[in-house]
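**Student:** Kindly generate the complete structure, drawing on both the sequences and the hints.
Residue numbers (our numbering), protein chains in the order written: chain A, 338 to 646; chain B, 74 to 414; chain C, 8 to 353.
Rather than coming from a laboratory, the hints here were simulated on the basis of the structure.
It is possible that some hints are incorrect.
Said to hold, decoys possible - Below, a list of computed lysine-lysine pairs in the DSSO-like style, where the Cα atoms sit at most 30 angstroms apart: (1) C:Lys41 with C:Lys145; (2) C:Lys116 with A:Lys340; (3) C:Lys157 with A:Lys340; (4) A:Lys494 with B:Lys374; (5) C:Lys133 with C:Lys211; (6) B:Lys374 with A:Lys600; (7) C:Lys98 with C:Lys134; (8) C:Lys130 with C:Lys157; (9) C:Lys16 with C:Lys86.
As the list claims (entries may be wrong) - Here are the simulated distance ranges between beta carbons: (10) C:Lys157 with A:Ile500: 53 to 63 angstroms; (11) A:Trp397 with B:Leu220: 38 to 48 angstroms; (12) A:Tyr552 with C:Ala9: 35 to 45 angstroms.
Unchecked claim - Some but not every residue of chain C turned toward chain A, in silico, with C-beta under 10 angstroms: (13) Glu89; (14) Asp106; (15) Ser110; (16) Glu123; (17) His128; (18) Val172; (19) Cys179.
This structure is a prediction, so every number in the text was calculated from the model and none was measured.
Every residue gets a Cβ at the ideal spot worked out from N, C-alpha and C, and that includes glycine.
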Amino acid sequence: MRKYLLKRVFYMILTLFLVASITFFLMKLMPGTPYSNQEKMTPQQIQIMNEQYGLNKPIWMQYLIYLGGMLHGDLGTSFQFSNQPVSYLISSRIGPSAQLGAQAMVFGLFFGIIVGSIAAINRNTWIDTTSTVLSIIGKSVPNFVLAVLLQYYIALKLGWFPIADWGSFSYTVLPTIALGVGPLAETARFIRTGMVDVMNSDYIELAKAKGLSRYGVVYHHALRNSLIPLVTLIGPYTVALMTGSLVIENIFSIPGIGEQFVKSILTNDYPTIMGVTMLFSAGLVVVILLTDIIYGIIDPRIRLSGNGD
Amino acid sequence: MEEKLKLSPDSFEALPQAQEPDNEKIAAPSLTFVQDAWRRLKMNKGALISFWIIILMMIVAFGSSFFINHSTLVKSAPQYANLPAKIPGVPINGFNGKLKVAGQWVDEYKQNNVPTGKYFILGTDNLGHSLAQRILYGTKISLIVALVATFFDLTIGVAYGIISGWRGGRVDTVMQRIIEIISSIPSLVIVVLMLIVLRPGMTSIIAAIAISSWTTMARMIRAETLQLKSQEYVLAARSLGESPFKIAWKHLVPNLSSVIIIQTMYTIPTAIFFEAFLSFIGIGISSPETSLGVLLNDGQKNFQFLPYQMWYPAIVLCILMIAFNLLGDGLRDAFDPKSRR
Amino acid sequence: MAERILDVKNLKINFHTYAGDVKAIRDVSFHLNKGETLAIVGESGSGKSVTTKSLMGLLANNAEVIGGSIMYHDEDILKKSEKQMQNIRGKEIAMIFQDPMTSLDPTMKIGQQIAEPLMKHKKVEKKKAWAQALDILKLVGISNAEERIKDYPHQFSGGQRQRIVIAIALVCYPEILIADEPTTALDVTIQAQILQLMKELQAKIETSIIFITHDLGVVAGMADRVAVMYAGQIVEYGTVDEIFYNPQHPYTWGLLNSMPTLTSTKLEAIPGTPPDLLDPPKGDPFAARNPYAMKIDVEQQPPFFKVSETHYAATWLLHPDAPKVTPPEEIVRRHQLFAKMTHQSV
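**Tutor:** Written as C-alpha cells, this is what we have:
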C-alpha cells in the first residue's frame, strides 16, 4: 500500500511537472507581447515592464524562476489585471467554482443513482424506457444549451431563480442543474447497466433463495455491487465539470475559475492561463488518486499494490 | 390404461435406423459476424432511425454546398437582419414572418420593406444571412471537424494500442505510463493550449480534439490486443512466421473492428460537442465563419428577443448528438451480444 | 411407507421466447420422502434446473407454469404469494448452486452472508446470528473459522466457497435442500469432499435432498432414489440399485453405457442431440436417438410401465407386445448382477 502510494505520488508530480514545462514553453513560443492588448507603450515603459515581469532574462532562467515560484505557490503576475498575482486571482475565485462543482457532482450522482436503479428494477417497462430516453437526451444536449434555456425560461420568464450572478443558495440552483445533468444521465445509464448485470448474477439468485425480500435483495446486494464501480467515473466527471464550468460560469456570470479562464484565454493573459492550467491538472490528478484509493477501500477484491497494473 | 391406447399390430416393428440423426442439422443459415451484428442492429428501432437520420443529415449538409455560396454567408446584408422564419403558405405564428414584439405579432417582413417574394424559411441572423443556409453550412463544418478529428483519433489510438499491446514488456510499460500521464491532464487544458498556440480555426480544433481524445481508444485497443494475442489463431499465424504487420492487418484489425466502430461512434458526438463548446465560448471557430457552435454563440446574444436564432441550431445540434449516441448504444449492443438484453 | 414431504404432480412449464413457447417441463411428477436423497439425472437442457427453480418459486420472468401442482406439507407451492414464498425460501427449502465462484456476493463478508437468512427468518439479532454462522461454518469444515468469518469470498478457494454456500443453505436447518449440480464446477478431489460433507450434514440436520446432476457417477454414492429426465420429462425412476443395475429405458442404458467402468475399454456416447422443445416430437422424445426405436415410438408417447413397486419406466419396450431386445453388453452385465443381488436377498 505504501509503495503503491509513493509510486502514484511520484507519477502525479511527474505529470504536473510536465504540464508546467509544456505550458511554459508553449506560452514562450507565442508571438506578441503580453502588452499587445493594452494601449501603446513607449519602449522605455516596455523595458520597465519587462524587468518587472522578469521577461528580460534568458528563457531557461525564466523557466527555473517559474518552477521555483510554483513550489511556493507563486504562479506569477497577471498581465491583464495589473499587478495582481495569479495565485490571488485564483484563490479569490476558487470558492464559487468548487461549490458549484461539488453541488453538481452530488446532484448528478444522487439523482443518477436513483433514476438508474429504478430503471434497472423495472427493466423493460415504461419506467425503464422513459429513463433511458431521458438519459440519452441528458447525455446529448450540451450543457451550455441547457443553461441558456434554463436561464431564459426558468429564471427570466418564470422568475423562480435569479438570472445570474453569485450570492445565496438560490443563485446556484440553475447552474448546478445545467452542470449536473450530464453526470446525472451518465450515472443513470451506468447504474442501470451495472445493476441489470448484477441482478442476473448467481449471487442475486442465491440472495433470493435465502428468502430475502425484493427490497433486501436490491438494497443489500444489487445496489452495493453496482455502486462500487461508479467511483471510477468520478475522474471523468471532474473533467466534465471543469470543462462545463467555463461556459456555465460565463452564462450565469459566476465569479469563478472557469469564467476567469475564458477571460484569460480571450485576452492572452498567459500567466493566468498557465496558473489555471496547473490548477485544473493538479485537481484532476488528486481526484484520480483519491478515487483509486477509495475504490481500493470499498471494493474488497482490489488490493492496491506497488507492482504496476 | 392400456385399453385407451390405439395399438396396431405393426406398432412394435422396429424403425429403420436413420443413417445419421438429422437433428444435428443447423436450421438457420450461418451468419458472418458483421451480418449478425447488422441483423441485431436492425431490430433496434432507435438505433436504426438514428442511422438513417445521420445519413440524411450528412447528405443534406454536404449536398447543400453545391447550392450555398459561401461568400454570401460571409457578406452581411443588413437590410434583411433579424427576420423571423417565413414559409409561404404556412399561416402559423412563428413561421409566417411575424414576430412577437411587446406582446403584438408584427410582420417583420413588411416593417423592413423586404420585397415580396423574398423569404427565409428559418429567418435571418443579425447580419441578414439566411439562418437555414448558415445552419446547413454550419452542420457541414461541425461534421467535418468531428469526422476528421475522429479519424485522427482513431488512427493514432489504434496504432498506439496495437503496438503497445502487441509488443508487450518494457515497450508496453513505457507506452502505458505515457498514456497514464496524458490522460491525467484534463482534455480541456490540452485543447486550450493547442488553440492558443495554433490560433483558433478549423485545423487547430481538429488537431486539439484528436490529440486530447485518442488515449481512450488506445487503452481499449491495447486491452483487446492483449487478449487477441493469446488466441490460438494468432499464435498459429505467429508460429508460421507471418510478419507482424500482416498479422495486425489480417487478424487483429478485423477482430478489433467492433471495439473500433463502437468507440468511434462515441468519439464523434464528443467531438461535435467540443467544437460547439469551443466556438460557443469564443475560442474556436468564430463569426463570420460558421459552425453549429458559432450559430449558438450568435443566437445566444439575442435569445431574449429572437429565440429562434438559437433554437434552430440547438435543435440540429441536439438531434445530431442524440442520433450518434443512440447509434453508438445500438452498435454496442449489436456487436457485443453479452450486453444485449 | 415413508412420509412424503414433497409431491410434484403433472408439472408443466413453458418459457415464452421470441421464437415461440419452449415447453421446458412437460408433465413431470415425482415425490420426495422425508430424509431421503432423490437424484434427478439428465443432460443439460433436460429441465432439471427448471424443475428445482419452480420448487423455490424462482422461475425466470418469461417462464409460466401451465399446469400441475407442487404439494409441500399439504399446500400447493405454486399457489403461494411471493411474500409467502419468501418465508419458505431459505428457511424450509434451501438451495445450493452450481458455481461457488459466482454465487457469493463479492462485496459482503461471508459471516454476514451466512447470517442473513437467520436474521430474516428466525428474527435473530445480528450478534447472535453471527455466532450461529460461526457454528455452521465450523460444521461445514472451514478451518480457523473465527477469523475467516470476517473474510470476503475472493479470499477462499472454490471448494471452501462451496462449503460456505452449503453453510448458507443449511443455517436455518431446512427440510429440503436442493443441490443443483453442486460439484460440477469443482476439481474431482474436492467433489468427493463436498459430497462426503453433504452426506454427513444430511445425517446431522435430518434434511431431505434433491440432488440435480448430469453425472451418474456422483449419484451412485449419494442418492437413495433416482429420476432420469429427458427433454422435459421423467423417463425412468426407481431406487438407486434399480436404476443402476436394472435399467429399462434405452436412454438410461445410454447414460450408463457412457460412464466409465473398471472393465470398459471404450466410452459409448449417445448419438445425436435432444429434441427442440420449441416443437417437441409427438411420440417418444428419445425415439430419434434410440437404436431400439419402434414404429409406435414416433406415434405415441409411452406411458409409465411398472417394473417394481418403486421402479417405473416410460418406454414402449416394456409393453407386453414389444419384441425382446438385447441391451448393450454393459447393461446385460448389470442386469445379470441385479439378478444375482435380488436372488441373494430373497
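**Student:** Which numbered hints turn out to be false for this structure?
**Tutor:** Checked against the structure, no hint fails, so every one of them is satisfied.
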